[in-house]
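Peer 1: Chain by chain, the residues run as shown.
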Amino acid sequence: MKETPRLLVKDRSVHGWSWQPALGFLVFACSATPDAVNLKPTPNLTEVSSPFGFTGSLASTAPAENELTESRAKLGRRLFFETALSRTREVSCSSCHEQSHAFADPRPVSVGIEGKMGKRNAPGLANLAWVRTGLFWDGRVASLEEQAGKPIEDANEMDLPLAEAVARLNSDASYVAEFQAAYAEPPSELSLRQALASFVRALVSSNSRYDAFLAGDSLALNDSEKRGSDLFFSSRTGCFHCHTERTLTNDGFFNNGSYEPGGDIGRKGLTGRTGDLGKFRVPGLRNIALTAPYLHDGSLPTLSDVIDHYAKGGRGDPSTDVQIEPFELNAAEKADLLAFLGALTDQKFLTDPKFVER
Amino acid sequence: MLLRKGISFTALSISLILGCGNASSTPEGRETNTGGAATGSGFGSGGTGGTVTGSSFASGGTGGAAQAQGSGQGSGQGSGQGSGGELATASTGPDGFPAVCVNSLPLIPGEREPVAFSLKLELNGKPLIYGENNALAGGGTLLLSNLRFYISEVTLVDASSQRVPVDLVDSGGHREPYNVQFVNAEAPESLGLRVRAPVGTYSGVEFLLGLTDGCNNTFSPLDAPLDEASQLKWPHTFGYLFLRYEGMVTEPLTIMPSTAQKVHMGGGVHERMAPKISVLGAITVAKVNAELPLKFALDEVLKGATMPADLANFALPPPAPPGPPGAEILAGEHLRQNVPKLTIFSLGGP
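Keeping their order, the protein sequence lines are chains A and B. For the first sequence, numbering that gives the first Met the number 0 puts the final residue at 357, and the numbers step up evenly by one. For the second sequence, numbering that gives the first Met the number 0 puts the final residue at 349, and the numbers step up evenly by one.
These aren't lab readings, by the way, just hints derived from the structure by calculation. All of these numbers come straight from a predicted model, not from anything done at the bench. Glycine residues also receive a C-beta, built at the ideal position from the N, C-alpha and C atoms. A few of these clues could be false.
Unchecked claim - Listed below are several chain B residues computed to face chain A (Cβ distance under 7 Å; list not exhaustive):
no.: 1; residue: Leu-118
no.: 2; residue: Gly-130
no.: 3; residue: Asp-222
no.: 4; residue: Gln-230
no.: 5; residue: Gln-260
no.: 6; residue: Pro-292
Using the sequences and the hints given, assemble the complete structure.
Peer 2: Structure representation (structure tokens):
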């Protein structure tokens, strides 16, 4: 199956993420009603603090040509749930990015229109505003704005030319009004992508107990979670080589030992470099307990499986990064490590009403 | 204030630190600095003004412990650690460089012209290609998968051996944040140094392979290139790696030691400084923009990682989690101590 860009679709693993095919059912009857018409006040999407340790404000992460504004983020939210952006009007971005799963897809690979299957797992969408090295599992697009249009056009996802998507939006007076308010122009391919990017940019997760711990609450983690943290950041497991202390991703691309001959070549497909075989983006781990299944292909159903994968040093292909080395954990230590990963869950992010379709 | 593993430090404190030495945190979480660390002369110009961000390692410190080691002799690069032994000033750290880490530095006043050093990665005298198999001298190949390091505090040396401060600038002529060049083998645009210097002829260039103690002495998040995305931030304590290398040797490791696979060279706040590099060679700064090749020999890095070193007192600074440091970190310390004996950088060549 050819690899294709996907929209705000998840793709996640403990090493490497990007977005991917995803698309599926969960057809949301798209409310074509903007907030202004609903007359219901909604929480601001853009007035949020950066997670502890993330450099720069949320607003500063937006490109100058797409300054982050409330109207743009809210328009993007409406578009995120818009099934009219798929050729058959079956699926929307939200079909594969479910808030209850930290905007990831609980299926190994996502399902687009007419049941078409992608080939990678759709990742969670938290804190993508701070990603600088490229989106999708292989980093093939440079910005949220560029990424946002890909899944709409991808044959395995929404399969709708952007021009047609724009035409559909222009036929809806409420959309025209919202685009005018946000971008001072009717819907265009550019503003469509920019609006979607604005919403995704606003998906900030910073309220896990680990965040509280980082910010100074030494009681935010229990003893088991603290022991798990020590293991996570130890040379013994080496998790920290890719998953840094604050952002929980080093924003890089690594071969985490998941490659097998004949499998997905990852970043090599983009660069052609020998050394990029099987490299995928390192995902941030906030809410990782909710984004199963794991790895770029969704091949590991549980976090326990993920730990086992790394403990045995991956699947054995010589392309595996030299930092993926076997280690041993006893049952109690593994439980501690799992407990720590569970402490990365941000319950507010999972239920925050400002991210819900309106 | 964050209390963790017995060490206190402020969270996300942003303060203007004037005068330095050993840092401490006030109950309000504001950084203060007491005492002056002993320092040497260094070779940097320091900086004034700008924005200072970060928190400092609140330990007893080891001001004045740096010793001069090595010297810039020979045809290629000489180097040393820290600087040495001179009295402290209020604004310098134990390495003789600014004790604070300044993001936005003003350009040095005066008429200056740009000169660029184009970094050429090499392995045994041949071009080193990132992401591809490179031939090893004894047979087999080395696939370079990651190579990143910092260069900071660049100065030129004039005919009378005087160090001339220069501006380390980006392609737009603006000073690089924190006076640091971040080199990433995967990013061709990062492979070089661009400086602004007075017109003239120079006998060499000097810099730190890493960061000043002032920049290494941070816990609070800093902007790029001193953020986690550099892949050089210690994940669980203060400070940074100065150099990170990972590669895959495709022949049995009898040909090369295991350190050929990964070397992470870091520093220790107030005690293990970034190695000083001195590269000899004629450098002319003129009205016409000049570009000079600056060679980087990975084989020298790998050699240094296996040379004898004193690790008796080596430890990551607190609050590092319990457990021994990894082999790559120990290899990095071998390298750090042996840099003065190596010729990692040299000028000239194609």
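Peer 1: If a hint holds in the structure, say so; if it does not, say that too.
Peer 2: To see whether the hints hold, each was checked on the structure:
With its C-beta approaching chain A no nearer than about 19 Å, Leu-118 of chain B sits outside the 7 Å limit, and its interface hint is violated. With a least beta-carbon distance of about 3 Å to chain A, the hint placing Gly-130 of chain B at the interface is held under the 7 Å criterion. Annotation: Asp-222 of chain B was flagged as interfacial toward chain A, and the flag holds, the nearest CB pair being 5 Å apart, inside 7 Å. With its C-beta approaching chain A no nearer than about 5 Å, Gln-230 of chain B sits inside the 7 Å limit, and its interface hint holds.
The interface hint given for Gln-260 of chain B is met, as the beta carbon of that residue sits about 4 Å from the closest beta carbon of chain A, less than 7 Å. The interface hint given for Pro-292 of chain B is violated, since its Cβ lies 23 Å from the closest Cβ of chain A, which is over the 7 Å cut-off.
In this structure, the earlier hints numbered 1 and 6 are contradicted, and the remaining ones agree with it.
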